[in-house]
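K.L.:
With chain A's structure known, arrange chain B on it following the hints.
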Amino acid sequence: MNYDQARWTDGETKRGEDADGQYEPLLSEKNSEEVEVESPLPDELTRDSVELPDLEEPQLARHYTRLSQMNYGVESGPYPLGSCTMKYNPKFTEDVAALPSAGVHHDRSDRSLQGTLGLMAGLQEYLADIGGMDAVSLQPPAGAAGEFTGILVAKAFHEHNGEGDQRDEIIVPDSAHGTNFASAALAGYDVVELPSGDDGRVDLEALEAAASDRTALFMLTNPNTLGLFERDIEEIADIVHDAGGLLYYDGANLNALLGQARPGDMGFDIMHYNVHKTFATPHGGGGPGAGPVGVVSDLAEFLPAPRVRETEDGEAEYERFDPENTVGKVHGFEGNWLVLVKAYAYIARLGDDGLSDAAEKAVLNANYLASQIEYEVPFEPFHHEFVASAGDQDAADVAKRMLDYGVHPPTTKWPEIVSEALMTEPTEIESKDTLDQLADAFDRVAAEDDETLANAPNRTTARRIDQTSAARDLRLSWQSLDGDEE
Amino acid sequence: MSGRHESGDRGSPYAPHTADETAAMLDAVGADDVSELFDIPEAVAFDGEFDIEERTEREAERHVRGLLSRNDDLTEFLGRGHYEHYVPSLVDHLSLRSEFLTSYTQYQPEITQGFLQALFEYQSMLVELTGLDIVNASMYDHATALAEAALLAARVRSTDGDRVLVPDYLLANRRDVLENYTDGAGLSVETFATDDGNVDADALAEAIDDDAVMVYAENPTTRGTVEENLETVGDLADDHDALFCLGSDPVALSILQEPAAVGADVVVGDAATLGLPTAYGMGLGLFACRDDFVRQVPGRLVGASEDAADKRTYTLTLQTREQHIRKERATSNICTNQAWVALRTAIHAAYLGPDGLVNLANDCVRLADDLAERLDDVTGLQAPVHDRHHFREFVAHTDQPANAVVADLEAEGFAVHAVGDHEIQVCITDSNEHAADRLVAAFEEVA
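Residue numbers (the numbering used here), protein chains in the order written: chain A, 1 to 486; chain B, 1 to 447.
Mixed in with the good hints there might be a few duds.
Under 10 Å between C-beta atoms, here's a sample of chain B residues computed to sit facing chain A [unchecked claim]: (1) Q106; (2) E128; (3) N219; (4) E258; (5) H386.
Chain B regions said to be covered by chain A (calculated; three or more residues, Cβ under 8 Å) [to be verified]: (6) 277–283; (7) 293–303.
Think of the hints as simulated: they come from the structure by calculation, not from any bench. Backbone N, C-alpha and C define an ideal beta-carbon position, used for all residues, glycine too.
For reference, chain A alone in the conformation it holds in the complex (with noise of 0.2 Å):
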């Protein structure tokens, strides 16, 4: 595949001056205005200058159109990058989203906000049913704050059960993503860091050796990071419950796992969804995304507040109301509400058996494609994603080669546990043509030597960026390039 990212240079307001020195010029480059400020407040409670970039309107799309060309989605190519779930976002839910009736403000009454509870109440039973949980609460804004979230409703159980200061550890595997240690740090836990097995699970007798009544939670994904299914999550389950721990689903790769097997049947207490991953609402550059969480109905009573349920009189009205023991609040208001209509709306689009096979095609195109590819896949039967290894070649270099043939990266060095890793999930959205181009990517990059690896990329909007510099000279503002040498 042949590809050409747009580059752009602005000899227009720059008269040509720094044109070489830059790809298009920032909007305080093109037109920046320092305004006094005249206010009917007195001059004591005022500032007495703003300076900020003043553009006219044609200017100012141009300059945001030329970006978008500068930017790489879901729908500019193939987007395989391990763990996030890139998938296509369909367009009417957009549509929908933008109706002026979703547009409401927080704090209206329950009576006047029917269509908003309404769709909350609906989308708390989707999530309840796929992921064969009891309770849910759609507040947390995303994963890693619906990883919070969970982990304060485990502290909670364990304070109600008078075991709130002896249980003080997390156990986390570790294939983890980051975010599960980092979470469990704000909560206030020692993390315990569970070394995987030989064949990338999770080791029996290691979780045996780390569990103990000083365990709060487990945190797992399944499929792990690896791809793998955790085979074992039965005896897993018992081993944490046993110890009087909790069991926690990262939903992070619930993809695969649509309408095949449910994180509730498996032994899990609480999880996260990631609705921006599985239920194709679009991650916009890095959010905003969503990430409810579901319990089993003995942690059901310490959900954060507000939940939504119908009115008891049976009149189809719904209302708002608090857990018992809710441990309050994880966001000012209820989280990333236009988000969450995405959400439904995908669901409601695609039913059970879309949502079955959307995962059934997620996995047969992880497969597909990692039998089409020249690099070594170490770790097998995986689902929706798989890890293969550069081999000598540095695994950021090969991303960088890839940019050239026009398609995204996989996830590069992570998880660390194969060398050189290029963690790749090519979702259910792409043909068996675009499967087939990819492989093609991978092999002639498997074939170039180090030194065409190195120089790349050569055919996006930028070339190779020095990330040493960036961090040790730091520009983090166009305020702080003034001293810059164009």
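P.N.:
Same frame as chain A, now just chain B:
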């Protein structure tokens, strides 16, 4: 022509496989059926149904539209941390370009320069408005940004201490989030009294000691007042080596005292006052601080760099602070953030430009003043309760019980807050000012 995925066809409409392709792929991996690729023990395999019906796109669209249509069409005069300004069409059209909307975090900067530059520009505009050196991109909302500020304060402060001081007007939802986030770090959140909607300097002086890691104040405050004692707060915080954290937003910051000039070490707030309409509380956590704290900042930072062609480029930087590298020693657990909202905020700010921003902010002062004055003339109402300058919103006293007034107004098609037994709060901006006459008339009916 019958579409491949129209009603009656089973399966994901976004999986493009034909039957022939599926067969060829199964053949290539040596399986007869997709089910063979699932390595799930029978005991935990799911064989039930969710009973979610499959819908065509037009059925799904109609279904969601129908659900949401159950919301009453009220004219909202609501604020208290969640504000609506008119969002120019340009913001939607540009931010919805799929190259922005459907991209991931910029872990491959060479191919995501567009988003990185937009975030760098967002950071820069907020650096100008706060006067502080560093703005991250981004946190979830005002409440979580405030909580991260307290955690930052505990990390960077040179001496021990565990007290976070907040004014008594702090919204309950913000306090709740703050307490949840800081409990694990052993911090305690304590309240100091305010005086007529502003910080009571004597009360703060009484409350603060060397165990305080952070003092928080807002401008404008939750009660809509413009704070007049910011320098005093800054001095008191300084005297006790505590951080001064100020809550605000980009519209207010364009005319109110510059945070850096009054001694603020950290600025938090909801920057979605530019960029997002009301979205049931969805927001954009603003987080700005002094550059001394750069290695302790939570969240993502975009920095300038050079590429192999020696041209200026942008990249995520100082990622060693972040959870995917530092794990349990990271400066926060945030991964997915609000980057796309920050893009929208940047476009909105650039659209307004410096004059437009100042004018919008001045309108927030004038509109609130005018409306308070008109409501004060209504029998049974006194407005504003606080003898202060106001921004966007104000509290009014009602002779009738506030809840009854609010319910009666709702029947007339308006939403305002009840904030006390006889107190209501009203918020007015460029998005609802057209309905101000009708609101006053409704108050005359019900107050």
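K.L.:
Please flag the earlier hints that this structure goes against, numbers listed from lowest up.
P.N.:
Structure breaks hint 5 only.
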